[in-house]
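Asks: So that you can map any letter, position 111 of the sequence shown is 111 in UniProt numbering, and since no number is skipped, the others follow by simple counting.
If you are wondering where the hints come from, they were derived from the structure by calculation, not from laboratory data. No experiment lies behind these values; they were computed from the predicted model shown. Any given hint could turn out to be false.
Think about it this way: if two alpha-carbon atoms lie no more than 20 Å apart in a straight line, the pair counts; the simulated DMTMM-like pairs of lysine to aspartate or glutamate are [to be verified]:
#1 Lys261 <-> Glu329
#2 Lys314 <-> Glu324
#3 Lys172 <-> Glu231
#4 Lys241 <-> Glu231
#5 Lys112 <-> Asp164
#6 Lys192 <-> Asp221
#7 Lys217 <-> Asp193
#8 Lys217 <-> Glu231
#9 Lys330 <-> Asp130
#10 Lys203 <-> Glu231
#11 Lys189 <-> Asp221
#12 Lys261 <-> Glu307
Ranges between beta-carbon positions, derived for each pair [what the hints assert, rightly or not]:
#13 Val124 <-> Val150: 31 to 41 Å
#14 Ile115 <-> Ser302: 37 to 47 Å
#15 Ser300 <-> His28: 44 to 54 Å
The beta-carbon is built from N, C-alpha and C at its ideal position, and this holds for glycine as well.
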Amino acid sequence: MSKAKKLITHWRVIVALIAIVLALVAIHPNPFAKGVAIRAVSFNSSASLAGIESPKPTASPMSRERIISINNIPIENIGDYYNFISTLKVNRTIHVKTNKDLYRLVTKPEVKVTILNETETKRVIEEVFDEDLNKTVNKTNYVTVNKTLVEVGGLEDIGLSVYDAPTSNIRKGLDLQGGTRVLLQPEEKISKDEMDILIANMKYRLNIYGLSDVIVKEAGDLSGNQYVLVEIAGAKEEEVKELLAKQGKFEATIGNETVFKGGQDITYVCRSADCSGIDPMTGCSQSGPGWVCRFRFAISLSPEAAERQAELTKDLPIVSEEKEEYLSEKLVLYLDDSN
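Generate the whole structure from the sequences, applying the supplied hints.
Replies: Printed below as a string of structure tokens:
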């Protein structure tokens with residue numbers, strides 16, 4: 001008995017026991033966990049509009065939000081979830097209960113918009129500030145736009161990517177939890193800075209689509225070839241191809257007129273600290289419980305785009321707001337159709 005007591009109280013045994021306890025706390029095992037965990041939320045989907053958010057990439061598996069029931073029907077596994085989803089119809093309200101909150105979703109129809117090769121004139125009413133009258137008035141403009149064909153199909157996906165609730169914080173690889181691994185090769189040799197920018201842009205674009213279990217990193221081989229390795233858990237090969245092959249879209253508009261588009265009108269984008277980042281003239285200031293910062297960046301436009309912007313802004317009135325002057329129309333930037 002004394003030997004056993006001496007063994008248990010030995011400092012090495014105590015350290016080992018402490019390490020085991022800390023490991024159990026970190027792993028947080030729960031073999032009885034029920035429900036489905038939210039892996040990702042699609043942008044502008046019914047789930048997104050209801051306030052459900054994608055988990056952060058750094059979130060541990062056990063901390064992720066789990067769906068417990070939908071319309072008071074228990075959801076214990078992935079089968080229960082998809083069985084319920086298969087019964088949904090357009091314009092129906094459903095209540096999703098999770099371990100963190102209760103959400104109200106409205107299902108939407110699937111809409112396909114096709115831009116036709118015909119044009120039409122539309123009347124657009126916008127608010128502008130009249131300096132002579134010293135008030136905001138409605139201004140009517142007529143713009144020529146392409147006709148569109150709108151087709152309403154079946155039910156649009158509510159925008160949730162889920163999987164069976166995890167039973168521990170152990171992160172499983174693609175071989176165990178499923179997913180897709182893609183190896184991309186740049187068309188030409190690029191520098192280290194360009195590779196970092198490419199990876200950062202890909203991460204940002206994939207995050208926009210609501211994906212959380214995403215790994216994007218640089219890879220190479222013995223021949224010196226450069227690659228970008230992309231791993232997306234729980235995604236099908238077709239879905240990943242569609243996301244990665246989709247051309248990025250960046251454009252700016254004033255009113256309803258396109259000023260410039262990335263790739264054809266932008267000749268240079270500044271990424272250095274001297275002309276991008278937090279504006280040194282204003283910096284950051286405290287606003288209530290948080291902080292407000294003014295950011296800036298500089299780009300160079302092609303002569304045609306610069307002339308188009310000058311033409312669209314030359315007749316715009318200047319309005320004053322909080323001792324600063326602005327053009328009456330805003331320059332709105334869109335990335336993948338999101339402003």
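Asks: Taking the hints in turn, state whether each one holds.
Replies: So, going through the hints one by one against the coordinates:
1. At roughly 18 Å between alpha-carbon atoms, Lys261 and Glu329 fall within 20 Å of each other, so this suggested pair holds.
2. Taking the CA atoms of Lys314 and Glu324, the gap is about 19 Å. The hint holds against a cut of 20 Å.
3. About 12 Å separates the Cα atoms of Lys172 and Glu231, which keeps this hinted pair within 20 Å; it holds.
4. Pair hint Lys241 plus Glu231 holds up; C-alpha atoms about 12 Å apart against a cutoff of 20 Å.
5. Taken as a hint, the Lys112 and Asp164 pair is broken in the structure, with Cα atoms around 32 Å apart against an allowance of 20 Å.
6. The suggested pairing of Lys192 with Asp221 holds, with an alpha-carbon distance near 16 Å, which does not exceed 20 Å.
7. With a CA separation close to 14 Å, the supplied pair Lys217 and Asp193 stays within the 20 Å bound.
8. Our distance criterion of 20 Å between C-alpha atoms is met by Lys217 and Glu231, whose separation comes to about 9 Å.
9. Between Lys330 and Asp130 the CA atoms are separated by roughly 16 Å; this keeps the pair inside 20 Å, and the hint holds.
10. Between Lys203 and Glu231 the CA atoms are separated by roughly 11 Å; this keeps the pair inside 20 Å, and the hint holds.
11. Between Lys189 and Asp221 the alpha-carbon distance is near 14 Å, which keeps this suggested pair within the 20 Å criterion.
12. Of the supplied pair hints, the one linking Lys261 and Glu307 holds, its CA atoms being roughly 14 Å apart against a limit of 20 Å.
13. At roughly 19 Å, the beta carbons of Val124 and Val150 sit outside the given window of 31 to 41 Å.
14. Under the hint 37 to 47 Å, the C-beta atoms of Ile115 and Ser302, about 24 Å apart, miss the expected range.
15. Separated by about 51 Å at the C-beta atoms, Ser300 and His28 satisfy the suggested range of 44 to 54 Å.
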